[in-house]
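Which chain is which? The protein sequence lines are A and B, in order.
To convert, note that position 17 of the first sequence is 24 in the numbering used here; the numbers rise steadily by one, no gaps.
To convert, note that position 44 of the second sequence is 74 in the numbering used here; the numbers rise steadily by one, no gaps.
Hints in this document: simulated from the structure, not taken from any laboratory.
All C-beta atoms in this analysis are idealised placements derived from N, C-alpha and C, irrespective of residue type, glycine included.
There may be inaccurate statements among the hints.
What the hints assert, rightly or not - To give a feel for the contact side, a few chain B residues facing chain A, derived at Cβ under 8 Å:
1. 72
2. 123
3. 134
Said to hold, decoys possible - Derived, one-sided and incomplete: chain B residues facing chain A with beta-carbon distance under 7 Å:
4. 61
5. 62
6. 74
7. 125
8. 127
9. 128
10. 135
11. 136
Unchecked claim - FRET-style restraints, in silico, Cβ to Cβ:
12. B:81 <-> A:62: 24 to 34 Å
13. A:61 <-> B:31: 40 to 50 Å
14. A:87 <-> B:85: 22 to 32 Å
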Amino acid sequence: SQTIHQWPATLVQPVGSPLSLECTVEGTSNPNLYWYRQAAGRGLQLLFYSVGIGQISSEVPQNLSASRPQDRQFILSSKKLLLSDSGFYLCAWSGFPGVQFFGPGTRLTVL
Amino acid sequence: KQEVTQIPAALSVPEGENLVLNCSFTDSAIYNLQWFRQDPGKGLTSLLLIQSSQREQTSGRLNASLDKSSGRSTLYIAASQPGDSATYLCAVASGTSGSRLTFGEGTQLTVNP
């Protein structure tokens, strides 16, 4: 069966520090991968999606970037965090049209 | 651009009540519609998925309907329980092969014992 992992689960970082969040998927190959951000009490905003290794599409201009160095690995990064980067970050994978499966999420607090 | 709205934003009911959560979307050219449950600080759990050609789906005490022409979906929860307390998110899949999900902001449900 397929599983999706995210780490770390929680992270507290100072403003201006770098960021690296990792997402990995097991049990499938060549999935579409997604990064979402959820602000407190809000819906999910799509940040990036990837249809293959090295192929990244950005949905909104922002302080973040994404990379896909391996088929089942998706990384969300920042060189310098802003206060507004705080939120709950969710990774998802899709191997079937119209269906996405979500990871457990990372709670990021920027102080 | 697809927009998804959920009403109400929050709902508090006594245990045992039947309740309805509403979701509306602006573009009827959808691939499917999904209802998710999210517990505090957790990821999303899929509850029901309705394909664009379907009218409703049922799972246990949950029933979701879809009216594509009017851009509406409802999630009906029968005989609510305290364990149903969570945030319920509606998501519409559109775009090439339904690859894009657009989410509503959710309904925060509290079921009081």
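Now the hints, each set against the structure:
1. Hint on residue 72 (chain B) holds. Least Cβ distance to chain A is approximately 7 Å, under the 8 Å limit.
2. Hint on residue 123 (chain B) holds. Least Cβ distance to chain A is approximately 4 Å, under the 8 Å limit.
3. The closest approach between the C-beta of residue 134 (chain B) and any C-beta of chain A is roughly 5 Å, which is under the 8 Å cut-off, so the hint is satisfied.
4. Of the supplied interface hints, the one on residue 61 (chain B) holds, with its beta-carbon coming within about 4 Å of a beta-carbon of chain A, less than 7 Å.
5. Interface hint at residue 62 (chain B): satisfied, since its Cβ lies 4 Å from the closest Cβ of chain A, which is below the 7 Å cut-off.
6. Interface hint at residue 74 (chain B): satisfied, since its Cβ lies 4 Å from the closest Cβ of chain A, which is below the 7 Å cut-off.
7. Interface hint status for residue 125 (chain B): violated, as the beta-carbon distance to the closest one in chain A is roughly 9 Å, over 7 Å.
8. Below 7 Å, beta-carbon pairs count as interface contacts, and residue 127 (chain B) has one with chain A at about 4 Å; its hint therefore holds.
9. For residue 128 (chain B), the interface hint holds, since its Cβ comes within 7 Å of a Cβ in chain A; the closest pair sits about 3 Å apart.
10. Taking 7 Å as the C-beta cut-off, the interface hint given for residue 135 (chain B) holds, the closest approach to chain A being about 4 Å.
11. A least Cβ separation of about 6 Å between residue 136 (chain B) and chain A falls short of the 7 Å threshold, and the interface hint therefore holds.
12. Checking the proposed 24 to 34 Å range against residue 81 (chain B) and residue 62 (chain A) shows it holds: the Cβ atoms sit about 27 Å from each other.
13. A hinted range of 40 to 50 Å for the beta carbons of residue 61 (chain A) and residue 31 (chain B) is inconsistent with their spacing of about 28 Å.
14. Range check, residue 87 (chain A) to residue 85 (chain B): Cβ separation about 50 Å, and the 22 to 32 Å hint is violated.
Consistency note: the structure conflicts with the earlier hints numbered 7, 13, 14.
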